[in-house]
Structures are given as structure tokens and as C-alpha cells.
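Visitor: Chains as they are written, first to last, in full-length UniProt numbering: chain A, 1 to 333; chain B, 1 to 333.
For the record, the hints were derived by calculation from the structure and aren't laboratory data.
Cβ atoms here follow ideal geometry from the backbone N, Cα and C, with glycine treated the same way.
A couple of the hints might just be wrong.
Said to hold, decoys possible - Heads up, simulated DSSO-like pairs for lysine-lysine below, C-alpha to C-alpha not over 27 Å straight-line:
1) 255/B / 244/B
2) 115/A / 244/B
3) 115/A / 244/A
4) 9/B / 306/B
5) 244/A / 54/B
6) 255/A / 306/A
7) 115/A / 115/B
8) 54/A / 255/A
9) 255/B / 54/B
Stated by the list, open to error - Selected chain B positions facing chain A (in silico; Cβ < 8 Å):
10) 123
11) 133
12) 157
13) 311
14) 315
15) 318
Unchecked claim - Which stretches of chain A does chain B cover? Using the computed rule of at least three CB atoms under 8 Å from a CB of chain B, they are:
16) 107–118
17) 139–149
18) 261–267
Protein chains: 2
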Amino acid sequence: MTVQENVRKPLDLLSDALGAEMEAVNALIRDRMASQHAPRIPEVTAHLIEAGGKRLRPMLTLAAARMLDYAGPYHIHLAATVEFIHTATLLHDDVVDESRQRRGRPTANLLWDNKSSVLVGDYLFARSFQLMVEPGNLRTLEILSNASATIAEGEVLQLTAAQDLATDESVYLQVVRGKTAALFSAATEVGGVIAGAPDDQVRALFDYGDALGISFQIVDDLLDYGGATETIGKNVGDDFRERKLTLPVIKAVAKASPDERAFWSRTIEAGDQREGDLEHALTLLARHGAMEAARRDALDHAARAKAALAVLPAHSIRDMLADLADFVVSRVA
Amino acid sequence: MTVQENVRKPLDLLSDALGAEMEAVNALIRDRMASQHAPRIPEVTAHLIEAGGKRLRPMLTLAAARMLDYAGPYHIHLAATVEFIHTATLLHDDVVDESRQRRGRPTANLLWDNKSSVLVGDYLFARSFQLMVEPGNLRTLEILSNASATIAEGEVLQLTAAQDLATDESVYLQVVRGKTAALFSAATEVGGVIAGAPDDQVRALFDYGDALGISFQIVDDLLDYGGATETIGKNVGDDFRERKLTLPVIKAVAKASPDERAFWSRTIEAGDQREGDLEHALTLLARHGAMEAARRDALDHAARAKAALAVLPAHSIRDMLADLADFVVSRVA
Chain A
1 MTVQENVRKP LDLLSDALGA EMEAVNALIR DRMASQHAPR IPEVTAHLIE AGGKRLRPML
61 TLAAARMLDY AGPYHIHLAA TVEFIHTATL LHDDVVDESR QRRGRPTANL LWDNKSSVLV
121 GDYLFARSFQ LMVEPGNLRT LEILSNASAT IAEGEVLQLT AAQDLATDES VYLQVVRGKT
181 AALFSAATEV GGVIAGAPDD QVRALFDYGD ALGISFQIVD DLLDYGGATE TIGKNVGDDF
241 RERKLTLPVI KAVAKASPDE RAFWSRTIEA GDQREGDLEH ALTLLARHGA MEAARRDALD
301 HAARAKAALA VLPAHSIRDM LADLADFVVS RVA
Chain B
1 MTVQENVRKP LDLLSDALGA EMEAVNALIR DRMASQHAPR IPEVTAHLIE AGGKRLRPML
61 TLAAARMLDY AGPYHIHLAA TVEFIHTATL LHDDVVDESR QRRGRPTANL LWDNKSSVLV
121 GDYLFARSFQ LMVEPGNLRT LEILSNASAT IAEGEVLQLT AAQDLATDES VYLQVVRGKT
181 AALFSAATEV GGVIAGAPDD QVRALFDYGD ALGISFQIVD DLLDYGGATE TIGKNVGDDF
241 RERKLTLPVI KAVAKASPDE RAFWSRTIEA GDQREGDLEH ALTLLARHGA MEAARRDALD
301 HAARAKAALA VLPAHSIRDM LADLADFVVS RVA
């Protein structure tokens with residue numbers, strides 16, 4: 001952590017400012033995660049709720065609506081919708097990645113089985129669609145259903161692209177927009193739409209979420225290779241061991257000598273990894289300035305997020321959103 | 001088959017009557033199953049489209065809309081939505097059941113992998129939600145999003161109930177309403193709603209789809225144990241080998257002696273199956289009249305489906321729907 005622990009983080013400040021509304025979102029989530037008939041559903045969802053999580057995405061919806069003076073009540077439904085989509089995606093991701101841990105706890109696919117994770121994930125998707133219908137607003141329905149399709153498309157694209165050295169930065173961006181940024185940008189955009197904001201402000205909210213989501217994912221990629229400074233919470237090299245082509249590697253592959261290319265092909269494409277390979281990968285990333293170049297991209301996207309806020313009304317929430325963009329990249333600043 | 005081959009089947013007659021509209025549905029399905037970015041998606045969806053299928057569910061939507069003189073165009077979107085939900089469910093079902101064949105062809109989870117089936121299924125779910133938003137009709141959105149939640153809930157309930165001898169007929173009905181009847185009843189109901197039908201007719205369409213779906217599933221259960229007469233297309237005993245408590249078994253368990261109960265507990269609950277067990281199961285089903293009782297239930301639901309049609313306007317399509325209810329149970333009549 002490069003920020004000092006005695007400085008309050010932007011997400012905590014947002015949580016304080018939006019506390020009552022976030023409580024309403026949490027109550028709605030608890031209510032709709034229940035099931036009258038299938039006991040396995042509350043078992044799995046209780047596990048997910050207890051695991052906590054930052055509730056970053058629903059907070060973005062609440063923040064956008066508040067900044068634009070929306071009096072409610074439907075930002076609560078939209079924020080809960082966004083969290084349901086996110087949670088359903090996590091359940092299915094853990095099946096696809098065969099993950100055993102999430103947020104320091106065993107995953108649902110480990111505690112129960114893949115079947116339960118697939119079907120309870122489907123249930124949460126369906127619940128998210130019920131929730132997004134309730135505000136009766138067709139434009140927010142379009143935005144959220146489009147985001148769901150973009151997310152799923154990005155996840156499928158990642159299946160084939162992640163282990164293919166032909167994957168370039170434009171394909172990477174496509175995947176990241178799908179798996180991460182689409183839900184961030186939908187979260188902020190629907191907050192503006194439900195508040196009746198003019199088109200330029202809605203567009204700015206989309207751009208903020210899109211840029212924030214992309215910088216968030218690039219930072220995640222960087223931390224997986226140790227980041228720029230000391231790191232927390234992530235094991236260095238997980239992406240390498242899982243043979244995922246992330247931005248630093250894509251940049252190093254683009255500059256690779258034939259020998260280096262053979263190394264990446266063996267370790268990522270063929271999955272033949274040996275003692276010392278991770279260390280060699282880190283050497284190659286350093287040799288080509290790949291970490292530094294990815295870090296600059298993350299900072300550029302964070303700057304783009306902050307710039308997008310300019311057309312939005314001056315508001316304490318707007319300042320917190322600007323700080324949030326800085327905070328996301330502070331982990332690699 | 002108990003119907004004669006030279007008599008045209010109700011589904012063929014419906015196909016003829018609704019041919020142009022079904023072509024429009026098929027074109028919309030092909031269009032929306034594509035993906036601009038992820039090549040794995042058209043690979044998997046082309047496999048599904050080639051496998052064909054009866055398109056029974058979208059036909060129900062078209063039939064309801066036509067019978068109530070709807071001039072279009074949104075019954076096409078709703079019918080395609082219903083088929084997308086069905087197809088997404090099949091992809092996930094085959095992962096959950098570890099199926100290797102569907103409609104006589106290898107399943108997607110076998111040809112590609114479980115990951116692709118989970119994520120392409122999610123993509124089709126998301127596409128279904130995009131499609132259902134397009135008509136801009138909030139009531140059809142409620143019906144279809146509620147049906148999606150009921151389907152997922154039924155699937156999860158089946159996970160725990162299917163191998164539990166405590167599962168009684170009311171739990172069975174809950175599962176069947178989820179996994180089969182909810183989409184039938186939503187398909188017919190939205191056809192009526194988009195046509196602007198009065199409440200009593202919409203209710204009748206729901207009841208028809210609900211009853212048709214339940215009789216359809218009970219017949220499926222019966223055929224799995226050989227049906228009442230000769231059968232086609234299904235291997236006798238698949239449900240038994242997969243340890244699924246279906247209606248005939250639930251009825252036999254309810255009347256079981258302690259010894260018989262121990263047999264069901266060993267074979268279904270514990271999954272310890274030996275040579276001759278399927279034959280003994282068939283003997284127990286016969287001893288307690290379980291097949292005959294389940295057959296009567298199927299006929300009762302088919303009769304309920306036909307009775308529901310009474311409040312709908314006289315129409316050649318209405319007659320075909322009545323014949324369809326008879327046809328469904330003709331396989332065990």
C-alpha cells in the first residue's frame with residue numbers, strides 16, 4: 001500500500017456519504033437472494049454475503065444518482081441489480097477457472113459443487129433481471145441487458161484469447177471491457193439515466209465507469225506480477241501459472257526475440273512450466289519495460305476517468321469519484 | 001407411437017399455419033446467436049442450431065398471438081426470447097447432468113468443454129434479456145424474467161430433491177413447474193399479453209401452458225420406464241441409472257414396504273446399483289400401479305390444458321392447441 005493507513009480511502013468516504021442508501025441496497029440483496037423453495041440457494045448465497053466484498057459497483061450507481069440529485073427510489077433496485085450480475089459472474093468464473101479461494105474463503109464450487117455454482121449463478125442472473133424490470137425504465141433495461149451480453153461475450157473471448165500469443169492489446173481491451181469495465185460503466189450510466197440526466201452527462205458517466213474499470217483491471221494484472229511496489233493480498237504469479245495473457249505479458253511478447261517468444265509459447269500456450277520460469281518471466285517483463293508501460297496505461301485510463309467528470313455538476317460525490325480513480329492506481333503509483 | 005404415421009401431427013399443422021412467422025423467428029435467432037468478437041460463440045451456437053429441435057416453445061407464443069389476432073411484430077421477439085432461454089438452459093443442464101448426447105448428437109460440453117457451455121449459456125441468457133426488452137412491454141418483461149427465476153429455482157431444487165426419498169408429489173410438481181412448465185406457460189402467456197388480450201384469456205393461456213408442460217414432463221418420466229406401450233428415442237432406465245426420483249418412483253416409494261424402501265434408498269439415494277436392479281424397479285412400479293397412476297395424472301393435466309382453452313375465441317389454432325394436448329399424452333395413452 002502506498003497510501004497511508006490514517007488517510008481515509010475514497011471508497012470509505014463514499015460508503016459514509018451513501019450509507020443509508022447502501023443499507024437499503026444490502027437489505028434488498030438479502031431479500032432477493034432468498035428462495036422460497038430451494039434450500040441450496042440460501043446456503044450458497046449466505047456464504048457469498050458473509051464473504052462481504054467492497055460493493056464497489058452498486059456504490060457507483062448510488063454515487064451517480066446522488067450526484068445528479070435523484071430522489072429515489074429506483075437507484076436502489078439498479079444498484080442491487082448490478083451487484084447480482086457481479087455475484088452471478090463470480091460464481092460462474094470460479095467454476096470456469098476451477099478456483100478454490102475467493103476473498104480468502106473457499107469458493108462455492110469447492111464447498112458444494114460445480115452444479116450448484118452454475119445453477120445458483122443462473123438464479124442470481126434471473127433475479128437481476130427481475131430487479132432491473134421493476135423501475136419500469138426501458139433505457140436502464142437496455143443498458144443493463146447490453147452490459148450482461150458484453151460481459152458474457154468478454155468471458156468467452158477470454159477463454160480462447162488468454163492462451164494465444166496472437167492476442168494483442170486491442171483484443172485485451174475487448175476482454176477487459178467485457179469482464180470488468182462493462183459493469184462499471186453500466187453501473188454509473190444507469191445512475192445518471194434514472195436521475196434523468198442530460199445526454200452529455202450520461203455519456204460522461206459511462207466514460208468514467210469504462211475508464212475506471214479498465215485501469216482497475218490493468219492494476220490487477222500488474223499486482224499479479226508484483227506491481228510497482230510491495231503488494232498485498234495477491235500471490236505473485238497466479239496469472240502466469242494459470243497461463244493468462246495479461247497486459248504486461250502482451251507488451252513483452254510484442255517485443256520478444258525469437259528465443260523469448262519460444263519461452264512464452266512454451267509456458268503460456270503449451271502450459272509447460274518449469275522451476276525458475278516465473279523468475280525468467282519477470283526478467284523479460286523488466287527487460288522490455290512492460291510493467292512500466294502497463295502502469296502508464298493504467299494511469300492514462302485513470303486520468304481519462306477523472307477528465308470525464310468535468311461535465312458533471314460540482315458535488316462532494318464528484319470529488320470522491322475523482323479520488324477513487326487516483327486511489328485505484330495508487331496501488332501501482 | 002400410438003398415432004398413425006399418415007395422420008399429420010398437431011405440431012406439424014401448427015408449423016404449417018405459422019410457417020412464415022416461424023421463419024422470422026429462426027432468422028432472428030440466427031442473427032442474435034452470432035457474436036462480433038468471440039469466435040467460440042458462433043461455433044457452439046451453430047452446433048445447437050444444426051441440432052434442430054422442435055421449436056415447440058416459440059411456436060406456443062406465435063400460436064397464442066395469432067389466435068388473438070395480433071398483427072405483430074413483437075411476437076417474433078418474444079418467441080425468439082423463449083427459445084434462447086430454453087437453449088441456454090439446455091447448455092447448462094448438460095454440464096450439470098454431465099450429458100454426452102442430446103438429440104442424437106454429442107453435447108457442447110463434450111465437443112468443447114464445460115467452460116464453453118457455461119459461458120456461452122450465459123451469453124444466450126443475456127441475449128434473451130436483450131431480446132425481451134425490445135418490445136418495450138413491461139408486462140411481458142415481468143412474465144419472462146419471473147419465468148427465468150422459476151426455472152433456475154426449479155433446477156436448484158432438483159439438485160437436492162432428485163435423490164431424496166422424502167421428495168413427495170408436491171415437491172415434484174414444484175421442480176417440474178420450474179424445469180419445464182414455467183417456460184411453456186410464459187410462452188403462451190406473453191403471446192396473449194402482446195396481443196392485448198383481456199385478463200381472463202391471458203390467465204387461460206397461462207393455465208394451458210402450465211398444464212401442457214406438466215403433462216409433457218410426466219410423459220417423459222413414464223417413457224423413461226418404458227411408457228405404457230412401445231417407445232421411441234429414449235433408453236429405458238436412464239432416469240433410474242442417473243438416480244432421479246421421477247413421478248412413477250415417487251408414487252411407488254409412497255406405497256413401499258420396508259424392504260422396498262430399502263431398495264429405493266440403496267439404488268437412488270446411495271446410488272449403489274447392481275445387475276437386475278432396473279428390472280426389480282420395474283416390478284415394484286407395476287406392483288403398486290405407479291405407472292398407471294402417473295399416466296392418469298398426465299391425462300388429467302392434458303384435460304386441464306384443453307379445458308383452459310374454452311374462454312379463448314374459436315379459431316383453427318385453438319383446435320390445434322387442443323389436439324397438441326392430446327398428442328402429448330398419446331405417447332402413453
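Visitor: Are the hints correct? Go through all of them and say.
Guide: Taking the hints in turn, this is what the structure says about them:
1. 255/B / 244/B: Cα-Cα ~18 Å, so holds.
2. 115/A / 244/B: Answer holds: residue 115/A to residue 244/B is near 15 Å, not above 27 Å.
3. 115/A / 244/A: holds, 25 Å
4. 9/B / 306/B: With a Cα-Cα distance of about 17 Å, the restraint between residue 9/B and residue 306/B holds, given a limit of 27 Å.
5. 244/A / 54/B: This hinted pair is violated, its Cα atoms lying about 40 Å apart.
6. 255/A / 306/A: violated, 31 Å
7. 115/A / 115/B: With a Cα-Cα distance of about 12 Å, the restraint between residue 115/A and residue 115/B holds, given a limit of 27 Å.
8. 54/A / 255/A: Judged against 27 Å, a Cα distance of about 37 Å means the pair is violated.
9. 255/B / 54/B: violated, 37 Å
10. 123: holds, 4 Å
11. 133: holds, 5 Å
12. 157: holds, 4 Å
13. 311: violated, 28 Å
14. 315: It is violated, given that the least Cβ distance between residue 315/B and chain A is near 31 Å, above 8 Å.
15. 318: violated, 30 Å
16. 107–118: holds (count 4)
17. 139–149: Answer holds; 6 residues pass the 8 Å Cβ test.
18. 261–267: violated (count 0)
Hint compliance for this structure: hints 5, 6, 8, 9, 13, 14, 15 and 18 are broken, all remaining hints hold.
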